[in-house]
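*Asks:* These protein sequence lines map, in sequence, to chains A and B. If you're matching positions, the first sequence starts at 1 in my numbering and goes up one per residue. If you're matching positions, the second sequence starts at 1 in my numbering and goes up one per residue.
Please note that the accuracy of each hint is not assured.
Using C-beta positions, here's what the derived DEER-type ranges look like [claimed, not checked]:
#1 B/Pro288 to A/Leu305: 34 to 42 Å
#2 B/Met172 to A/Ile335: 42 to 50 Å
#3 A/Val322 to B/Val62: 15 to 23 Å
#4 B/Thr269 to A/Ser215: 41 to 49 Å
#5 B/Met229 to A/Ser39: 29 to 37 Å
#6 B/Met229 to A/Val322: 21 to 29 Å
#7 A/Gly288 to B/Arg287: 46 to 54 Å
Treat the hints as calculated values from the structure; they're not laboratory data. The beta carbon of each residue, even a glycine, is placed where N, CA and C say it ideally should be.
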Amino acid sequence: MKNLKPHTRRNLITFIGLAVVWIVVTVLRGQGVLGRSASGLLVPICCYVVMALSLNLTVGIMGELSLGHAGFMGIGAFTGIIVSQSLMRAVPSVPLRLIAAMLVGAVFAGIFGFLIGIPVLRLRGDYLAIVTLAFGEIIKELITCLLVGVDEHGLHIIFNYKGLKGVEDLHLSETGQVIIKGAQGATGTQPIATFNAGMILIFLTLFIILNVIYSRTGRAIMAIRDNRIAAESVGIEITRHKMIAFVMSAAMAGAAGALYGLNYSNLVAAKFDFNTSILVLVFVVLGGLGNMRGSIIAAVLLYVLPEALRSMHDYRMLIYAVVLIAVMLATNSPIAQSFFARFRFGRKGGDEE
Amino acid sequence: MEFLSYLISGISLGSVYAIIALGYTMVYGIAKMLNFAHGDVIMVGGYISFCGMMYLGLNGWVALLLAMAVCTVLGIIVEGLAYRPLRQATSLAVLITAIGVSYLLQNTALLVWGATPKVYQSLIPLTDASGAPNALRLMGGRLSISYMSLLTMAACIIIMVGLTLFTSRSKMGKAMRACSEDKDAARLMGINVNTTISVTFAIGSALAAVAGVLLCSFNPTLMPTTGSMPGIRAFTAAVFGGIGSIPGAFLGGLLIGVIEAMAKAYISTQLANSVVFAVLIVVLLVRPAGLLGKYVPEKV
């Protein structure tokens, strides 16, 4: 361990920690210690961890605020559902279908990320943020207008933007099945997502992101974040590098979305709204910008916190809000920082960042 | 004729957005923060005036004043407790805190007033005693404009003109502009930056209360989440017109309202939001700082 580079050691510890958690949770489930409600949280937690990791790439590494990340998750979720449901007969193997759904979800979200990135990445700061918010809302509404069904002739898709058409306009044959029913979302999906798939996705995402960060491309992206003009003057192509980060982030969110979508038998597009984007952003900011381990921990804790407070149902979101404000004040305000600094024994006063 | 009536409903909706956007834009201009809790102040304003009318038996106008007073105090408290300690922090930290405040306000409202929608009584009844629309009839009755719409448009114009005069003529208004240009220089000139920012929040929140009353008068269901979507729309409007610019917020609000009404009438009710956002994206691509915003080229 000693001869490794510091960041390699740090990342190795993160991976080992994840593996330990994976084993412990699997054992606990095998022993029946985890109840049904706790087990039901495992897959969504994995999805939100991947979401937080991928958003951290955009916000922490690339340094641009994105408020529409849930849109990519939505694209991934619904393409994943379509893939999984339409391959039901052709590919009976569940793991294969899950992989195919996640891959196609990632590819579609990546394509959308590219298309959205063309206009978005020309803007900066708060303007970029509002445009990502706009795209997130547009994606959500477009999905709400979709009617999709499948039968032996293939997929039938109607874009029902006037709201006048119904399921019968899909002209499905008798064995056909409706996959997405407009505003009612996807109904009757076979839930095939598993915790193991979620953990594998986390490992994969983390591996890819960490490799990118410490590569030439990653250093270029961070250079752009730290000083755009200086980066440009040493010959880094701004748009290309930003696009790489943005598309990767979108694709990972798509894969997470596919897993999320296949965890529920019913899913509405309204789930992937602005509030979900904000939720993930909160994970990223509280976990620490650019800190992948922090993102994982924050996503798990903050996803579990409202669930753990479920017994105090009326007050739980209130407590969540107070905790959120308190944490932001404690970590960012100069008064609170100097207050906490007094309690840090055994540390030199000067080494605080 | 149909077109004109859509246009008028768009303008009156847009006037409400413009009032909210004015608050957004003033706060942004001076504190350089996206105040996501602004939409929830609208909701609080709506509830306070509702309670004033229902439980205290106040006249609608007195209830409006009460709502403005409560929201002003709320704005000052929120600014002092949550945003002031973060003056030196990154904009992202402030944004997350604002989101926290937004959750806090929504959930407090949920606890106090419950989740069931309240039926709001319009400031000017939309229909008179006989059930006919309470409206001004023009062109032989073919075009009717409700008095509520007229009131909203008038309120919007008065507020816009008042704010423009305030920021250009009064001492406090000049201090605001100075702070938005350069806080350190303003402080050196003897301006109390904290007080100035507090006053800005107070004005923005009072405007939000007005907007809340107007919004609920048009759309009489009041819920803890009532403010969030208009808040986002108004934020869009402020960016559309160029965030930080008062005439920009006015123009942006009106345009967003009209576009929304037209999209609902001629394209699709389901995609009205998408059309609004798509226009926003196109505008920002052509004018990256909004319609009336100043584009500041970066200097090396």
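*Asks:* Please go over all the hints and tell whether each is borne out by the structure.
*Replies:* Okay, the hints, checked on the actual structure:
no.	hint	in the structure
1	B/Pro288 to A/Leu305: 34 to 42 Å	holds (39 Å)
2	B/Met172 to A/Ile335: 42 to 50 Å	violated (27 Å)
3	A/Val322 to B/Val62: 15 to 23 Å	violated (33 Å)
4	B/Thr269 to A/Ser215: 41 to 49 Å	holds (48 Å)
5	B/Met229 to A/Ser39: 29 to 37 Å	holds (35 Å)
6	B/Met229 to A/Val322: 21 to 29 Å	holds (24 Å)
7	A/Gly288 to B/Arg287: 46 to 54 Å	violated (35 Å)
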